[in-house]
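Spelled out, the chains give:
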Amino acid sequence: MKPGQRRLMFFAGAAGLVAFYLWGLLGLPGFGNYPGPYGPAILRVAVAQTQATGVVSAVNFEYRGFDTVGEEFILFTAAAGTAIVLRMLRGEGERSPVDEARDRDAPPTSNAVRTIALLFTGPVVVVGWWLASHAQTNPSGGFQGGVVLATAFILIYLAGAFLTFSKLSPTDVTDAVEAAGAGGFAAVGLAALFTGLPYLYNYLPLGQIPGAVSSSGTIALISFFVGLEVAAAFLLIVSELLEQTLLIRHGGR
Amino acid sequence: MDHLFALSVAVPLLVAAALVGVKPLLSGRRRMLDTVAVLTAASVAVMLLVIMVQTDGGDRVYWFAGFRPFRGVVIGIDFEAGPLSAGLAALAAVLVTASMVFSWRYFERVATYYHALMLTFLAGMTGFCLTGDIFDLFVWFELMGVSAYALTAYRPEERGPIQGALTFAITNSVGAYVSLSGIALIYGRTGALNMAQIGAYIGRHPPDRLVVVAFLLILAGLLVKSAIVPFHFWLADAHAVAPTPLCVLFSGAMVELGLYGIARVYWSMFGTALGHRAEISHVFLTLGVLTAVVGALFCFRERHIKRLLAFSTISHAGMFLSGIGLLTPLGLAGAAVYVAGHAMVKGALFLCTGIVLHRLGSVNETWLHGRARHLRITGVVFTLAGLGLADLPPFGTFLGKGWIEDTGSAHGMPWLMPVFVLCTILAGGAVLRVAGGVFYGLGDPPSEDERMARAANEETSETDADKRRTPLTMIIPPTVLVALAVAIGLTPLGPAADAAAVRFADQAAYNATVLRGAHVAHPVAPFAAEAAGITVSDVVTGLVSAAGALLLAYLALYWRRLPVLRRGYEPGTGLTTLAEGFQSGVVNDYVTWMVFGLACLGGVLALIIR
Amino acid sequence: MQVFPFIVVAWIIGVGLYGIATSRNLIHQIVCLIVVQSSTYVLLLGVGYVTGAVAPYFYDVPVHTPAVDPVVQALALTDVVVEAAVTALLLAIAIQAHKRFGTLDPHELAEFKG
Amino acid sequence: MTGAVVTPYTVPAGLMDTLQVTVLILVAAGATAVVLTRRLVRQVLVLSVYGIMLAVLFLTFQAPDVTLSALTVGAVALPIVLLLAISKTRKKEE
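Residue numbers (our numbering), protein chains in the order written: chain S, 1 to 253; chain Y, 1001 to 1610; chain F, 2001 to 2114; chain Z, 3001 to 3094.
In short, the hints are calculated from the structure, not lab data.
Hints may contain errors.
As the list claims (entries may be wrong) - Facing chain Y, a subset of chain S residues (Cβ under 7 Å, in silico):
id: 1; residue: Gln49
id: 2; residue: Arg64
id: 3; residue: Ile84
Said to hold, decoys possible - Output of the computed footprint for chain S on chain F, the stretches with three or more beta carbons under 8 Å from beta carbons of chain S:
id: 4; segment: 2004-2010
id: 5; segment: 2014-2023
id: 6; segment: 2032-2040
id: 7; segment: 2053-2061
id: 8; segment: 2084-2098
Computed from a predicted model, the values in this text were never measured in an experiment.
In this text, a Cβ means the ideal position worked out from N, Cα and C, and glycines have one as well.
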């Protein structure tokens, strides 16, 4: 198709599709009138059943925990896929066909950036850790915590050279952590089967006080594994991308 | 044990994680890696087959974390398995096993990631088949998708894969997000994600615009995945470039899973609510027949063997959709058996193509003409599978197609049979033309099409093993698959398949099973079970298709030597320019077609149900 | 106000699809895909909203205070992860494409169709 | 629980409506801006701003959890990955 034809066809189709979609959307109960019954049913039982005051985490890691297993493995697969696609395979020569960054040197990082980045690293680790370990109480959880933790490593990268970064996150170790995170989640669920309980059954003691850090049984444990998996997966993706960038830069010298 | 439900997904996932986790220990221990992965896939296949047999007497439900529904309100996630869903998942697991055995010697330098991704792909397919929750369906759909995109882009040292992986990933992602919008829409109305609960809720009210819109939007992703015209463009690009063992899974299982999703969504959720059975059936049939014809025509003009097989898959997907779209149990049973038979023969064809690629380094039909004579066993297997694709009895394919045609005739659509026979002849003829030309050197090589030749020659060998012989691990899987295709045709599947289909199509029974834990062995179906057996007409149409395909292959190979045809034009040239226009390879075009197709379908559905 | 959020949802998905259909650069196209997906978050959270209700956290409010639907929030969280994963993988493929063919234009890439 | 419990602080309905409408308009405009920005680096910055707007919208939708994710992913993680990808594919002319 020529761009003109395509544009015409797209506008005809999109006008129809958006109109059709809107037609359906207007059949929803108005905004702010969520009818239930799923949400109210969960809200009624969640705190009592799980001792977790963060109901979203309870849904994510318990009621719909199996979704989250799939979700973690989507991330796991994406990290592995990124590695597969970007990793140098045999036959891919030292020279890539398009070495467009040949005459461009990486700008040196200024000392100010280094210092600031290093100063931030500590607090960022603390925040990430706090988020990953408070899924059951506050709006937080392994996912957000994991991303924040991974950011800490990127700050280290900003502060120093790639060398430091790759020393801190050798791919094999990152892989292992990622696998431990994703696999650990699946295994926590599996452990229930050995006692005849259904997959992902919350078999740990729930604690007495709703909202305490030690409450909620497997929810907190799963959140921890998710934090591991997310941090490692994100780190893996970033380091694969960095490796590509850096290899080109070094090749240009 | 019902825990098999959870294990069939959790085990491949855990093994995938473990393989990546201990990656450094496995470097240089390729055989161990292969063994673990093959055993895992095979054990999943066994588990699913057990589930399939166990559910023969009635569907079973598994509640994750033990959250059972309370007064019809579901707060957890369930797996619901019947013979059809478990059977399809088992089929996928068998194909994964076969293609992993095949890659034993095929890829010499694959790393751990290849095995891990194959296992997550398998887990995604299993979860997709078994789940009873619409959002969970989306999650496994995405896991399947992400694994498949990565595996398609697996050989980045070559030119092709990247482009095919990109069109594949972008079109399928757009489809998935449109589906998710549909899920959110239906959730906003019903406040439920469990398919049975949604079906029960919307079934109590007359259909309105929201239900219609949600139905089409949810179908969008599934239509893209199952390569229905005009959402099919990505499939040929992706197949042409994906590693051959993966093509087996794409053609044999992934496309069919999309169709299964359509059937599941229709019968578990929207069937009762939408009503208008005849009109909706017509919409499905129109799409199905259009897809079957377009796929068959494109298949015949193709010279790149993997693309040729991919277009044949599109044609078959159209026939499967027609079977489902008849909206009767026998049509569904026919589609199910047809899917199983097709998966076996198509898998065998792809694997044989892989052997040719391994030994001769090309998939260009013209170049290969007569050059594969020494691959005797491969030639025999390929030819047999080609005959199976042309629906020769007793391959399982003739049975399934026969039932679909019988149902069509019984419901006032006798034209379905000739159309199907024609499509089968075109696709089967193309494959048999390849078989005769490449493996036996019959007739003249087809004329060179410049673009096709360029594309096909770029497909250099994927392997680096010793090319002088075909390893046993490469020839056994296709042979076994062809044998299984015959076994499907010879087993008296009729009553069991029909009973399973009747249960699948009975929304009331599904609701009772999931929401009230009822054990429904013999539901009061809205349909009477139709007699499913091997009729004379099934055998005759099968024979006619196969004979027609052979004749067409003969004509295609010898047409230059036949006085009558000599002055005729090259078969299929008229299509070439048209095809170039449609199959442009530009992802923007494909997405535009999707939007346009959805708008048209939306218009039609809106007119039907107002 | 009853329907305004949903009109915005339809607008976002339409704009995102427009971007994908007209884009001449893969990375731009991938970002447009992110926009398409962002419409689903807005829709999910929009359908689960309850006027005047609190967030579903009972750390410092009594347990039976009316709250908005926690389920859609869990779904949106899953959705965010899926988005991040798919985007990363697509970018990796796009980088490879650029490395092989020296272009990110879908039209030029189509020339290299397998 | 006794009377000592603090009643949850709620924003008056009219104010909440106004806030939500404003943010929704900003989000719609943001999405449009992301799509129409054809220069890559600038587009990533716009995307980052769009991520922040979405986060604010989710806050007004009473979804603090999703807000946090939208911030970490939409405004930080994705832009980082995108910028890396762009720097990898940057053409020479810059």
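Hint check:
1. Hint status for Gln49 (chain S): violated, given a least beta-carbon distance of 9 Å to chain Y, over 7 Å.
2. Because the beta carbon of Arg64 (chain S) sits about 6 Å from the nearest beta carbon in chain Y, less than 7 Å, this interface hint is met.
3. Hint on Ile84 (chain S) holds. Least Cβ distance to chain Y is approximately 5 Å, under the 7 Å limit.
4. With a threshold of 8 Å between beta carbons, the proposed coverage of the segment 2004-2010 of chain F by chain S holds, since 6 of its residues qualify and at least three are required.
5. Counting residues of the segment 2014-2023 of chain F whose beta-carbon sits less than 8 Å from any beta-carbon of chain S gives 5, enough to reach three: the coverage restraint holds.
6. Against chain S, the segment 2032-2040 of chain F contributes 0 residues with a C-beta closer than 8 Å to a partner C-beta. That does not satisfy the three-residue criterion, and the hint is violated.
7. Under the rule that three or more residues need a Cβ within less than 8 Å of chain S, the assignment of the segment 2053-2061 of chain F holds, with 5 such residues.
8. For the segment 2084-2098 of chain F, the assignment as covered by chain S holds, since 11 residues bring a beta-carbon within under 8 Å of that chain's beta-carbons and 3 suffice.
The structure fails to meet hints 1, 6 from the earlier list, while all remaining hints are met.
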